[in-house]
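Asks: Take the sequence shown: its position 258, counted from the start at 1, is 258 in the numbering used here, and no numbers get skipped.
Source of the hints: derived by calculation from the structure; they are not laboratory data.
Backbone N, C-alpha and C fix where the C-beta goes; we use that ideal spot for every residue, glycine too.
A few of these clues could be false.
[Stated by the list, open to error] Derived pair list, reagent style DSSO-like, types lysine-lysine, alpha-carbon separation capped at 30 Å:
hint, residue 1, residue 2
1, K232, K309
2, K186, K163
3, K186, K260
4, K325, K309
5, K260, K188
6, K173, K163
7, K188, K173
8, K163, K188
9, K309, K285
10, K309, K260
11, K68, K173
12, K260, K239
13, K239, K186
14, K260, K173
15, K260, K163
16, K173, K186
17, K237, K309
[Stated by the list, open to error] Distance ranges between label pairs, derived from CB positions:
hint, residue 1, residue 2, range
18, C201, C274, 26 to 32 Å
19, C226, R109, 43 to 49 Å
20, C201, Q64, 39 to 45 Å
21, V194, S216, 15 to 21 Å
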Amino acid sequence: MIVSPRLGVLAIALTAACAPPRAAPGTRPGAAPSARATTVVPLTITANADTSCWTCHQAKLAAQARRKFTHVPFRNTAGCGACHRSHAGAAGAGAKAGLVAAQPDLCRRCHSGERFRRAHVHPIIEADGCTACHAPHASDEPRLLIAAADALCATCHDAASVKQHGGLAVDGKRCLLCHDPHSSPKAKLLRPVVHEAMPDCSTCHTPAPGQPFARSEREPALCLQCHDGVGKELALKSKHRPAAQGPCTACHGPHASDRKRLLTDDSPALCLRCHEPVRLKLASKIVHAPAREGGCGECHAPHGAAQAKLLVSATPQLCFRCHGKAQGWASERSVHDPVRSGDCTSCHDPHGATRPSRGATAGPATSRTRPTSSTSRRSDPTRSASAATRGCSRRAPGSRSTARSRRGAARRATKRTASVRHCSAPRTRARTATARR
1 MIVSPRLGVL AIALTAACAP PRAAPGTRPG AAPSARATTV VPLTITANAD TSCWTCHQAK
61 LAAQARRKFT HVPFRNTAGC GACHRSHAGA AGAGAKAGLV AAQPDLCRRC HSGERFRRAH
121 VHPIIEADGC TACHAPHASD EPRLLIAAAD ALCATCHDAA SVKQHGGLAV DGKRCLLCHD
181 PHSSPKAKLL RPVVHEAMPD CSTCHTPAPG QPFARSEREP ALCLQCHDGV GKELALKSKH
241 RPAAQGPCTA CHGPHASDRK RLLTDDSPAL CLRCHEPVRL KLASKIVHAP AREGGCGECH
301 APHGAAQAKL LVSATPQLCF RCHGKAQGWA SERSVHDPVR SGDCTSCHDP HGATRPSRGA
361 TAGPATSRTR PTSSTSRRSD PTRSASAATR GCSRRAPGSR STARSRRGAA RRATKRTASV
421 RHCSAPRTRA RTATARR
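Turn these sequences into a full structure, and let the hints steer you where they fit.
Replies: Encoded structure:
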């Protein structure tokens, strides 16, 4: 078989063994070998691909290659060397036969982030390595887990762990909501931010027969028992629906989180779970910087506010926080009506738009000639009624209206000059006659 370096994906059909089929015991020499089923597995072939690994190991790896999730090096025939050494040469200190280094150092060559090296490391990582929980090649479970998360944790953490949770039942599917599976700055692998009510679970939970996780009250009343500051915000004019009606856990984790204020996700991803129209605007050509950078809280209050749309202050003062230069525009000699009234959003979209300067008008960005006469302005279908009412304080230089005004002014000046000459002529003749006498 010839592998072209230009091919990106190639389906390789190989038999279950690398050598030609051997005759079964008792078969006459020269007899035709029995037919064997072939397995077709898609592989990614690179310019320097070496199919020798797959040729010998495909019998055991073909089934793994068809699983839902695959390790990135395993997807590429040239990636075997990332973890495995060739058959020649000595293995690294403490490494299993065929590996270039021992675990977990082998895995940390790629997975080198801070989250894997914090003060408290999951003991099983140092004892048995990463493959105690993760499959090295492929798996049908997310994150290459060798089993579902709840079942996997239960292999080591049995029913005795109930004592460590205030005697309450433990929901194995939610272990990772409070505990980091790799490392943590806190003991017991707790997430960096922990709810202050813990470990006194009875603050929120009142277990009952058949209801091991029952709570003493529904949200948001349960949360407002402690968070009275949020209650004051909810008394304001504009209220965030999850805060006013619940559940608070739509945005906050009830036990622990990796983020401040126990948030379940970073902004703007957290806000975009519900605010779909805003998500579409953030995909526009022009996006407001705070919205693009996830600063939703710079303009909006998370629970309640005195202004509409949960704005932290009224416009234009809210806009002046960043756009200080615009603060003096209202005192200029000629001022656009929306600027004078502080209505910034009549022209600008606060999240995103398809036109420069974040124009509020929707639609594709096109170059449009500005109407120059009263007739063309009335016939322009793109001109809104409000814009027509406000008008513009300046005329376009060189427009017909401007030229017409100049000609009219010149005619009026000529008439005034002629009138002055006409009125002054009799007086001049009278003075001349007097002088002659």
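Asks: Decide, hint by hint, whether the structure agrees.
Replies: These are the hints, each one checked on the structure:
1. K232 x K309: Within the cut-off at roughly 17 Å; holds.
2. K186 x K163: It holds: about 19 Å lies between the C-alpha atoms, which stays within 30 Å.
3. K186 x K260: holds, 15 Å
4. K325 x K309: holds, 25 Å
5. K260 x K188: holds, 19 Å
6. K173 x K163: holds, 18 Å
7. K188 x K173: holds, 17 Å
8. K163 x K188: The given pair, whose Cα atoms are some 14 Å apart, holds under the 30 Å limit.
9. K309 x K285: holds, 24 Å
10. K309 x K260: holds, 24 Å
11. K68 x K173: holds, 21 Å
12. K260 x K239: With Cα atoms ~22 Å apart, K260 and K239 stay inside 30 Å; holds.
13. K239 x K186: The given pair, whose Cα atoms are some 35 Å apart, is violated under the 30 Å limit.
14. K260 x K173: holds, 23 Å
15. K260 x K163: holds, 28 Å
16. K173 x K186: holds, 21 Å
17. K237 x K309: holds, 10 Å
18. C201 x C274: 26 to 32 Å: Given about 29 Å between the Cβ atoms, the range holds.
19. C226 x R109: 43 to 49 Å: Once the Cβ atoms are compared, 46 Å apart, the range 43 to 49 Å for R109 and C226 holds.
20. C201 x Q64: 39 to 45 Å: For C201 and Q64 the Cβ distance comes to about 42 Å; the hint holds.
21. V194 x S216: 15 to 21 Å: holds, 20 Å
Comparing the model with each numbered hint stated earlier shows that hint 13 is the single one that does not hold.
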